[in-house]
Amino acid sequence: MTFDYAPAPESRAVVDIAPSYGLFIDGEFAPASDGKVFKTVSPSSEEVLSEVAQASADDVDRAVKAARKAFEKWSALPGAERAKYLFRIARLLQERSRELAVLESLDNGKPIRESRDADLPLVAAHFFYYAGWADKLDHAGYGANPRPLGVAGQIIPWNFPLLMLAWKIAPALATGNTVVLKPAETTPLSALFFADICRQAGLPKGVVNILTGEGSTGAALVAHPDVNKVAFTGSTEVGKAIARTVAGTDKKVTLELGGKAANIVFDDAPLDQAVEGIVNGIFFNQGHVCCAGSRLLVQESVQDELLDALKRRMRTLRVGDPLDKNTDIGAINSAEQLARITALADAGEAEGAERWSPSCELPTTGYWFAPTLFTGVTQAHRIAREEIFGPVLSVLTFRTPAEAVEKANNTPYGLSAGIWTEKGSRMLWMANKLRAGVIWSNTFNKFDPASPFGGYQESGYGREGGRHGLEAYLNV
Amino acid sequence: MSELTGRLSVFKTYKLYVGGKFPRSESGRVYEVIDSKGTWLANAPLASRKDARDAVVAARKAFGGWSGATAYNRGQILYRIAEMLEGRRDQFVAEVAAAEGLSKAKATAQVDAAIDRWVWYAGWSDKVAQIAGGANPVAGPYFNLSSPEPTGVVAVLAPQDSSFLGLVSVIAPAIVTGNTVVVAAAENAPLPALSLAEVLATSDLPGGVVNILSGRTAELAAPLAAHQDVNALDLAGADDALAKDLETAAADNLKRVLRPSAANWTADPGTGRLLTFLETKTVWHPMGV
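Protein sequence lines correspond, in order, to chains A and B.
The opening position of the first sequence corresponds to residue 0 in numbering that gives the first Met the number 0, with each subsequent residue numbered one higher.
The opening position of the second sequence corresponds to residue 0 in numbering that gives the first Met the number 0, with each subsequent residue numbered one higher.
Isolated chain B (complex conformation):
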């Protein structure tokens, strides 16, 4: 902690990010976040089921506007997030190094990759419809067109092993296509996620598009997986036993489920995560005069 350098540093009170605001957990609970050597870093809010439900309400409220925004606009906003991150690069390097016990060089590589990933996904906003949709040549006098649409509110369990690059790699593909998300940050390393919220809040991203909760993954995931107003579930941060329980709960309203898989977050992400949270809508119309 503080050394006798003549100046006492100012700690940060980490808060949740829900509906574009920074509430404390309604439960009033916090939990200790420590670094890889066991040193105390901060108290993070220990979000409750009620916080999770509030976050779903916020995400649902934001869905209409965000999914209705033009693809160009969404791409601009994702790029803006990368711009804001670039300016705070050093802060995230320090937080990722502390959170994951990485050297400064390795943490820098993670943060750089995460910023570049925002840029990569930003560019997908106005292209995904062209690779995932198109005209269908039906055998009749009909104009027939398929286009992808966001599936709705996605509950995301952020990867436990990659507090920032992994986090960004699961949020960006879900929101770039117009979904809104509720994210449970990595349980033991939530601080980069909570700091990301500060960046999102200053990046023209409408409040509620991304909602970030810190706390016990299993405790937060259960109400999200069972929630009737959640449309999809990304189980990246769940272990096998938890993932099975959550997938079972998700069947109640047939949520789209992305199962956990061994992920190399530095590899080319491909389009899998983008396409998982899309529906295909096909419109028919007669042609004639």
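Next up, chain A with everything else stripped away, as it sits in the complex:
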């Protein structure tokens, strides 16, 4: 006799989405100057959720001017006063976290279990953490009285819309900068709801401005001559374009880009825990994670045992309605992203790797991709080299720790890595040798506002989080 899960949907009634939204500039919502709009859809149902404004270069200019004007007073506020605004925002986020979690799952497609239990708590935690820095900047290790940079242009991706907003806005405001933030084209809604939280918090006008739009809006923001700081999270390709745009200017830049993390499992690892870590590493957030553990490096002697356990675990993953509390894997964020994942997975098969997925029924509307495992992968395969940004795991093997290091480091990226071993000296040796900004040992995909996050090499530059994250917004 088998027991099945009954549907356990979260109610949509807690969130009230307006049919259309304007741009949030200087504390007011206003339509785009040329009246252009675009629709945002729910990736799990393809339902149109709302219509948002497409900001033009003129709108970017208006927003930057508003931020510039607000900068003078905002940066002159005593840190303790700025801190209180950030604390207010943190509290409002906590109060409205259920509403925001449902909204995020609707607009992004991620399971409510993750938006409710991972994203929203971290969002509030980031504002709490950086609120506390606002009046202690003299003690941050950047000299006495470090100064803000001015207007920060911030561009964030669609994988963690509200969390990335928090990572960007909290340290910027704490240090006295004002911001113009562009959320991703496919996930604009939570940033617009955040504008309302700024209003409720009584944040001075112009300190936070939200511009919805596509790549051209972001490009105009990066290139705007009166932007002092550019912060970007997204693809390495766009990161390079931004680095070229700001060349020869005084703009300070931080980039959080792609990754192709190795998750390394030694033969002495606690295999059940490793399996959980592997699943969390690659299937968390549908694999839409720049630090996802997308290359499993398993020691040859435990390969069969580990893969059997992993497949057994993958058969229990529930794919489906993001608003169902039992859902593990939600919808792929967009048709375009689904096409990209599909093409790379097909390339994996074409290049000779063996593809496996548990049998699972995918919904007929929306964008879905079954959790997928590739074995027999070599380092030359595209699925071992290119970031897939989806629930696709490539399995490679190794015999010695040195070989594991070499294979793990054989990538232009360097964002994160995982190590699974019970032997402390080996763990520390590996952590030392791996060229990556975040190393998770016997765990994976852990985040905290107090912990710096960011990459080596082509995973970008600068760190977000912790004391290190302040540097990006200070004139040091």
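Honestly, the hints are just simulated from the structure, not real lab data.
Heads up, some of the hints might be wrong.
Here are the simulated EDC-like pairs of lysine to aspartate or glutamate, each with C-alpha atoms no more than 20 Å apart in a straight line [stated by the list, open to error]:
no.: 1; chain 1: B; residue 1: K60; chain 2: A; residue 2: E213
no.: 2; chain 1: A; residue 1: K432; chain 2: B; residue 2: E197
no.: 3; chain 1: B; residue 1: K60; chain 2: A; residue 2: E402
no.: 4; chain 1: A; residue 1: K239; chain 2: A; residue 2: E213
no.: 5; chain 1: A; residue 1: K204; chain 2: A; residue 2: D225
no.: 6; chain 1: A; residue 1: K422; chain 2: A; residue 2: E402
no.: 7; chain 1: A; residue 1: K72; chain 2: A; residue 2: E213
no.: 8; chain 1: A; residue 1: K406; chain 2: B; residue 2: D244
no.: 9; chain 1: B; residue 1: K11; chain 2: B; residue 2: D228
no.: 10; chain 1: B; residue 1: K243; chain 2: A; residue 2: D225
no.: 11; chain 1: A; residue 1: K239; chain 2: B; residue 2: E25
no.: 12; chain 1: B; residue 1: K11; chain 2: B; residue 2: D89
no.: 13; chain 1: A; residue 1: K204; chain 2: A; residue 2: E71
no.: 14; chain 1: A; residue 1: K83; chain 2: A; residue 2: D134
no.: 15; chain 1: A; residue 1: K239; chain 2: B; residue 2: E197
no.: 16; chain 1: A; residue 1: K72; chain 2: A; residue 2: D134
no.: 17; chain 1: A; residue 1: K432; chain 2: B; residue 2: E148
no.: 18; chain 1: A; residue 1: K310; chain 2: A; residue 2: D249
no.: 19; chain 1: A; residue 1: K68; chain 2: A; residue 2: D225
no.: 20; chain 1: A; residue 1: K310; chain 2: A; residue 2: E335
no.: 21; chain 1: B; residue 1: K14; chain 2: B; residue 2: E25
no.: 22; chain 1: B; residue 1: K243; chain 2: A; residue 2: E402
no.: 23; chain 1: A; residue 1: K239; chain 2: B; residue 2: D89
Simulated DEER-style distance windows between Cβ atoms [what the hints assert, rightly or not]:
no.: 24; chain 1: A; residue 1: A143; chain 2: B; residue 2: S26; range: 30 to 40 Å
no.: 25; chain 1: A; residue 1: L76; chain 2: B; residue 2: A138; range: 24 to 34 Å
no.: 26; chain 1: B; residue 1: D239; chain 2: A; residue 2: P269; range: 52 to 62 Å
no.: 27; chain 1: B; residue 1: I33; chain 2: A; residue 2: E350; range: 56 to 66 Å
no.: 28; chain 1: A; residue 1: A17; chain 2: B; residue 2: G67; range: 34 to 44 Å
no.: 29; chain 1: B; residue 1: D203; chain 2: A; residue 2: R146; range: 49 to 59 Å
no.: 30; chain 1: A; residue 1: E71; chain 2: B; residue 2: W39; range: 39 to 49 Å
no.: 31; chain 1: B; residue 1: V56; chain 2: A; residue 2: E350; range: 24 to 34 Å
no.: 32; chain 1: B; residue 1: G67; chain 2: A; residue 2: E304; range: 49 to 59 Å
no.: 33; chain 1: A; residue 1: S424; chain 2: B; residue 2: G139; range: 45 to 55 Å
Being a predicted model, the structure only gives us computed values, none of them experimental.
Ideal Cβ placement from N, Cα and C applies to all residues, glycine included.
Position chain B relative to chain A; hints supplied.
Relative to the frame of chain A, chain B by itself:
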């Protein structure tokens, strides 16, 4: 040149410094180095793109060992460089005076400041991790530690206006933390840099940690900025137009770029240059029994 003093002086053939060796430029080219009054001083090797690439290979080869050395050991070696320089102080005073057209007193001040700067940076080797890293109090049962690590191979365009103090001020902060460097010496005043190589070679500094090229800055900088195996770029010696081109080229593999800025090389250098060429690595581990 030589006066009729009864003894003809022995000229020095200046050479590049790559991988701990002193090659001539593979191109076979040299260029005339003159002093501030236009008097010929020496022929310096006119390094080529191939020399620049060879230097990157040498720097990469040296990176593992140098970055893996203990901080204490790196500090000892930097201090040893200061010791060696002290013994050759008069030579560098003469070379800096000729290169920059300075009085002996002013050149002496530059050289003394440069020696003291090596000593200052030597002391940073085993302290920088403590000011740039530390434990992070995360909200969960995890041990979470951030520590700085060298970013890799750094291409350095030495300042054009300070042939020795400026040079030392850009090399020392990059290598003390474990990076290895390829340096394009000041274009018109490369001789102190090439002589520094002789000091580095006798200071226990592993070959390849510092590689010094003389030649046309723009010509050497272009392949270094575009090189896929260079991790960072110090543009101290570039003018604004060149700096923009190089920063654009550096975007191809997202090199860390330190932009040029008006520098007073005699001022307290602070930690800016040290921290620019560091990455922060954060390690998480669960705690429990």
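task = Mind checking the hinted window 34 to 44 Å against the Cβ distance between A:A17 and B:G67?
result = 58 Å, violated
A:E304 and B:G67 - C-beta distance against the hinted 49 to 59 Å = 34 Å, violated
task = For the pair we were handed, B:K14 and B:E25, check the Cα-Cα distance against 20 Å.
result = 11 Å, holds
message = Taking the Cβ atom of B:D203 and the Cβ atom of A:R146, is their distance within the range 49 to 59 Å?
response = 42 Å, violated
ask   = If you draw a straight line from the CA of B:K243 to the CA of A:E402, is it 20 Å or shorter?
value = Roughly 40 Å between the alpha carbons, so the hint for B:K243 and A:E402 is violated.
Given pair status - B:D244, A:K406, alpha carbons within 20 Å = Distance of about 34 Å is beyond 20 Å: violated.
request  = Take the C-alpha atoms of B:K243 and A:D225, compute the straight-line distance between them, and say whether it is at most 20 Å.
outcome  = Cα-Cα ~18 Å, so holds.
request  = Given the hint that A:K239 pairs with B:E25, test it: the Cα-Cα distance must not exceed 20 Å.
outcome  = 33 Å, violated
message = Tell me if the straight-line CA distance from A:K72 to A:D134 falls inside 20 Å.
response = 16 Å, holds
message = Hinted pair, alpha-carbon criterion (20 Å max): A:K422, A:E402. Please report holds or violated.
response = 17 Å, holds
query = Can the restraint linking A:K432 and B:E197 be considered satisfied, given a maximum Cα separation of 20 Å?
reply = 32 Å, violated
query = Is the straight-line distance between the alpha-carbon of A:K83 and that of A:D134 20 Å or less?
reply = 10 Å, holds
Checked against the numbered hints above, the structure breaks hints 1, 2, 7, 8, 9, 11, 15, 18, 20, 22, 23, 24, 28, 29, 30, 32, 33 and satisfies the rest.
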